[in-house]
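Chains F and V, in that order, give the protein sequences. Using my numbering, read the first sequence as starting at 1 and increasing by one per residue. Using my numbering, read the second sequence as starting at 1 and increasing by one per residue.
No wet-lab data here; the hints were simulated from the structure. This one's a predicted model, so the numbers in the text were calculated from it and none came from an experiment. Beta carbons: idealized from backbone N, C-alpha and C, even for Gly. The reader is advised that the hints may include incorrect statements.
[Said to hold, decoys possible] Derived contacts from chain V toward chain F, CB cut-off under 10 Å, selection only: (1) Val-161; (2) Ile-169; (3) Leu-170; (4) His-174; (5) Glu-203; (6) Glu-205; (7) Thr-220.
[Stated by the list, open to error] What follows is a set of in silico ranges between Cβ atoms, one per label pair, in the way DEER data are often shown: (8) V:Glu-304 with F:Ser-51: 45 to 51 Å; (9) V:Asn-413 with F:Asn-46: 21 to 27 Å; (10) V:Trp-225 with F:Glu-26: 33 to 39 Å; (11) V:Ser-316 with F:Tyr-13: 27 to 33 Å; (12) F:Ile-83 with V:Ser-133: 53 to 59 Å; (13) F:Glu-69 with V:Gly-337: 29 to 35 Å; (14) F:Ser-51 with V:Ser-101: 52 to 58 Å; (15) F:Ser-30 with V:Arg-150: 41 to 47 Å; (16) F:Phe-2 with V:Asn-156: 38 to 44 Å.
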Amino acid sequence: MFNAEFELFVSGYSPKNRAVVSNLEEICHSPELEGCSLRIINVSKNPEMVSSRKLLAVPVLIMHKSGQERRMIGVLDDREVLIREIDRMKMFDL
Amino acid sequence: MKNDRIKILLIEDNNGDAFLIQEMLAGVTEAIYEYQWCRTLAAGIDFLSSDQPVDLILLDLTLPDSSGLATLHSVKNANVRIPVIILTGINSEELAAEAVSKGAQDFLVKGRFNSDSISRSIRYSIQRQKLYSDLVDMTWHLQMSEMRFRDIFESNADGIVIVGPDEKILMANHSALVLFGRPAEELTGSPFGFPLIDDSSSEIEILRADSSMVFAEMRTTKTIWDGKTAYLASLRDISERRQAEMHTRNLNAILNVIRKLGRIMLSDKDSRDFLQNICNTFVETRGYGNAWIVRTGQYGEFLEVFSSGSDTNIGSLAADWLKAQMPKCAIDVLIHGGVYYLEQTPAECSEGCPFNCRRFGKGTISARLEYAGNIYGFLKISMPDGFVVHEEEKELFGEMANSVAYAIYSHNNETTRLDNESRIRQIALMQEQQIDNSGVWLNVIDPKGGIVVWNKTAEVISGYTSEDVVGRSAVWDWLYPDAAARDRILGQIRNIIEEGKGFDNLETQIRTRHGDLRCIAWHLRNLTDEYGETIGAIMLGRDVTEHKQAEDDLRRTTQWLKKIKLPDEAEKQT
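Kindly generate the complete structure, drawing on both the sequences and the hints.
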């Protein structure tokens, strides 16, 4: 089982961001990622998170595992690319 | 280098030394030496300036026109790329080291070298100089290449960040600093994130230091930085493009709303359906969070409310209105009119308000429904988070409110018109019934004597039906077969139409369809239009046949009685 916590930071729920959220929800509910949690944070509603988490751009996905974090930015709406990256992280144990 | 031709420039003022060197090199078999011998520094430099090929310079430091390392310096100035071997009579390690550090390839003391050593020194010097020149060339190319990269990196209009394997920014160009709104020292070392790449670009929103956002298109490529894998992310500001796209999309949605409103206005005859459908269209077509239409009377009294959207709990609105606790935004828009745009919910708005913007999203737009001086209420919409409203939309919203008000006005007018028509029809029916049941003959005649109206009593008395006589004038021949009598009545009718005279109790005798004679007492009046122009005559006839007979009977009886002498009168006469 791959235990990790995902945090997705977005700004509002534009069609593009909705596609990212839906992609992430689908991936996190897949059997391979059983045991993972996903939290979605809208920085428009939580502007204080931008400085506290040192965010430079959104949407950004932060994966927490074993006290470490990895950030991913870019084509978060592409299921294949995202799964490939998460698999890579699993392989190297983050 | 075997059998190579080596071109040597020998700068030596001493003839003996010059011959000795040539003699030494003559016995060397590995190469063939060609000489150019110059006795002074100036002659040597002149030769170097002539661009003739020289592979090596043998230089005596003490010449008639120059001495010491200054001689070497002058020669190197003339051509830095040709290897120089110093020939001197001074055996000084210190001078030798300094000469080599100033660019000489070797330092030979006269009388202490032989054919082999000078020949080897020449070959090695040429090879070392070549290596050195290549190194200088490579360094120069590397420096140029780095300068070009720096130039491209720094002067690029796109923001470029180099992201290290730890997802932190290693370097950012000037455009990137502008894009992020942060200084280099803040940006360098900050976590950007591992750029996920595919063949295409991706869109991100850059969170600037001043809390504003910039839409950027990101293209990423793998690179090597300081010997390690890194990522070069190129960021192009597409805010204007995104805004223009959004603007166009919004305007298209609004135009669709306007088109649909037009269709609804034409198709929905029921005003309640019409207002509900307008609310639905605003939400479904433009994507507003909620839409409300509050109908009020002319003085702001609450009539009803229509709504559509995610949360339409407006239960307390009517009750609040009755208690004069209307929402402030409703009062403002009803009193002042125009379009009210609230970007955010004002602080004074209560959480329980049916129009609570916080509950629905960002803010609201309201507009009074007003047309031709009549106020019909107001139209209000809420905007979800992230919803952008441009100036044109506000203006178009005002125009849409005007269209809705006009439609309500037209609906009301149509309803009033239909009510009035219905009432008029009822009155006309009642009047017809009254006329028909009145026992009075009524007919209306046009200026040519044609019958326009022929009521029930006329049918009963004359025996001719309405179908027999309306639109024709033949009835006069039937009713008055006697030409003199007919002319008399038609003459009177003409007088009425032409001169506006009226007659009362004009008695004429008609012949009915059944052949019997009836006596009719006519009241004749002219018929005028709304401008007072005579357009015909109206005839009201009363059947006085029985009355006339009774009168005749009474007259006859009276005359008969007069002829009879009563006894008292006979006695008096006698």
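Evaluation of the provided hints:
1. Here the hint on Val-161 (chain V) is kept, as its CB sits about 9 Å from the closest CB of chain F, short of 10 Å.
2. A least Cβ separation of about 8 Å between Ile-169 (chain V) and chain F falls short of the 10 Å threshold, and the interface hint therefore holds.
3. For Leu-170 (chain V), the shortest C-beta to C-beta distance to chain F is roughly 14 Å, which exceeds 10 Å, and the interface hint is violated.
4. Restraint check, His-174 (chain V) versus chain F: the minimum CB separation of about 17 Å is more than 10 Å; hint violated.
5. For Glu-203 (chain V), the interface hint holds, since its Cβ comes within 10 Å of a Cβ in chain F; the closest pair sits about 6 Å apart.
6. Hint status for Glu-205 (chain V) relative to chain F: holds, with the closest Cβ pair at about 5 Å, below 10 Å.
7. Interface restraint check: Thr-220 (chain V) against chain F, minimum CB-CB distance 6 Å, threshold 10 Å, status holds.
8. Restraint check, Glu-304 (chain V) to Ser-51 (chain F): a C-beta distance of roughly 49 Å satisfies the suggested window 45 to 51 Å.
9. Checking the proposed 21 to 27 Å range against Asn-413 (chain V) and Asn-46 (chain F) shows it is violated: the Cβ atoms sit about 53 Å from each other.
10. In this structure the hint that Trp-225 (chain V) and Glu-26 (chain F) lie 33 to 39 Å apart at CB holds, the actual value being about 35 Å.
11. Between Ser-316 (chain V) and Tyr-13 (chain F) the CB atoms are about 29 Å apart, so this pair conforms to the stated range of 27 to 33 Å.
12. Checking the proposed 53 to 59 Å range against Ile-83 (chain F) and Ser-133 (chain V) shows it holds: the Cβ atoms sit about 55 Å from each other.
13. For the pair Glu-69 (chain F) and Gly-337 (chain V), the supplied restraint of 29 to 35 Å is violated, since their beta-carbon distance comes to about 55 Å.
14. In this structure the hint that Ser-51 (chain F) and Ser-101 (chain V) lie 52 to 58 Å apart at CB holds, the actual value being about 56 Å.
15. About 46 Å separates the C-beta atoms of Ser-30 (chain F) and Arg-150 (chain V), a value consistent with the hinted range of 41 to 47 Å.
16. At roughly 40 Å, the beta carbons of Phe-2 (chain F) and Asn-156 (chain V) sit within the given window of 38 to 44 Å.
Violation of the numbered hints given earlier is confined to hints 3, 4, 9 and 13; the remaining hints are satisfied by the structure.
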